[in-house]
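Asks: For the record, the sequence lines run as chains A and B. So for the first sequence, my numbering puts the first residue at 39; every next one is plus one. So for the second sequence, my numbering puts the first residue at 19; every next one is plus one.
Be a bit skeptical, because a hint or two may be false.
[What the hints assert, rightly or not] Partial chain A-side listing against chain B, Cβ under 7 Å, derived:
| # | residue |
| --- | --- |
| 1 | 128 |
| 2 | 143 |
| 3 | 144 |
| 4 | 145 |
[Claimed, not checked] Computed list of chain B residues with no C-beta within reach of chain A, every gap over 10 Å:
| # | residue |
| --- | --- |
| 5 | 23 |
| 6 | 44 |
| 7 | 63 |
[To be verified] From the derived model, a few chain A residues whose C-beta atoms are all more than 12 Å from chain B:
| # | residue |
| --- | --- |
| 8 | 118 |
| 9 | 120 |
| 10 | 122 |
| 11 | 151 |
Hint data in this document are derived by calculation from the structure and do not stem from the laboratory. It should be emphasised that the depicted structure is a prediction, and the values quoted were computed from it without experimental measurement. Quick reminder that beta carbons are idealized off the backbone N, C-alpha and C, glycines included.
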Amino acid sequence: NAGVTQTPKFQVLKTGQSMTLQCAQDMNHEYMSWYRQDPGMGLRLIHYSVGAGITDQGEVPNGYNVSRSTTEDFPLRLLSAAPSQTSVYFCASSYQDSMNTEAFFGQGTRLTVV
Amino acid sequence: DAKTTQPNSMESNEEEPVHLPCNHSTISGTDYIHWYRQLPSQGPEYVIHGLTSNVNNRMASLAIAEDRKSSTLILHRATLRDAAVYYCILSYNFNKFYFGSGTKLNVKP
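Same shape as in the complex, but just chain B (with noise of 0.2 Å):
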């Protein structure tokens, strides 16, 4: 299964904008990228997918590149509830996910 690659953490400040990379390089055509992000104490949540154009939805956007070997999920307007560890997740079959280490987002306020 194709890995992911993210930081380890990253830092922002409230009320401004987030761009939280993730490295895919052997992903496969039939691979989509998903992020999902867990609160302290509890399990994951889902934030947003993607396979080949850029997303938006009420949460967070999706920017992915051409060659589909890297994506950015953005958080417009970082808040203290989105302090959480972020994961980007590559799989064709939404039941199976293998998680990496994720990046732990820190919001000052």
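Just chain A, with the same shape it has in the complex (with noise of 0.2 Å):
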């Protein structure tokens, strides 16, 4: 099982540009979202889903788009990139079950915006 894979590994991007980190999963998981981690700290929600169609604010939302057209994507969109958005981007994902509780996380994507 693939389970999440992040693309790219790593991105430098110019103040100004845009981007989408994508996000794809293959374990039929209702629930996937987005965090950031800047260095030293934990990871910070960005957005977050709870079904195809369906998505909401997490902590840090400001500057970033989401959207969850199928159940295997939720890409994450930097409209304009801006230093402060420098940091690693994990993906995760889940059910919402006691039984199967457990979250999944890509390996992260690497920001750099110069």
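Work from the hints to combine the two standalone chains into their complex.
Replies: This is how it looks when you write it as structure tokens:
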């Protein structure tokens, strides 16, 4: 099983550029979410989705957009990149079920905005 | 969302048990206690979770205080591969986690 796949693994952007971070899961999970992790800190929730067509904001949503047109994919869009968005981005997927509790995280996308 | 308090770092010897504490005095009745760990340059991985009763799995044990205001993750025999940052997270929603800064565990050979 591939699990949660994030692409690209590394990206350098110039300030003001836009890009989409891709996230795909093959476990038929209902729930997907995006986090960012700055150096020496824990992960912070950006956006999450409880199913296709449904998304909501997390702790730090400003500067990011998401959509969920299929169960498998949950892309994260940066509309106009800023240096403050330099971070490592993690995508996660899970069931909402006390018997199947494990959230699976991708390997991360390391983004640098110059 | 309820917060957790963990020591910034802990050290253990290989092959010995490790007890990682977590305080969560503002936990609500519907919050589950989750533990994840993050190895260097990797995404977090699930360790264990519980609601009220102590829990065991192949990786670890979770001891939950009777008043649920604290919990302890127990690694029974630490290995070098267990060196990681361990996060204690409260959530009623398994999709929506609020991470603190975690405990960095160093395992000495």
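Asks: Please go over all the hints and tell whether each is borne out by the structure.
Replies: We went through each hint and held it up to the structure:
no. : hint : result
1   : 128  : holds (5 Å)
2   : 143  : holds (3 Å)
3   : 144  : holds (6 Å)
4   : 145  : holds (6 Å)
5   : 23   : holds (13 Å)
6   : 44   : holds (17 Å)
7   : 63   : violated (7 Å)
8   : 118  : holds (26 Å)
9   : 120  : holds (23 Å)
10  : 122  : holds (19 Å)
11  : 151  : holds (20 Å)
When each numbered hint is compared with the structure, a violation occurs for hint 7 only.
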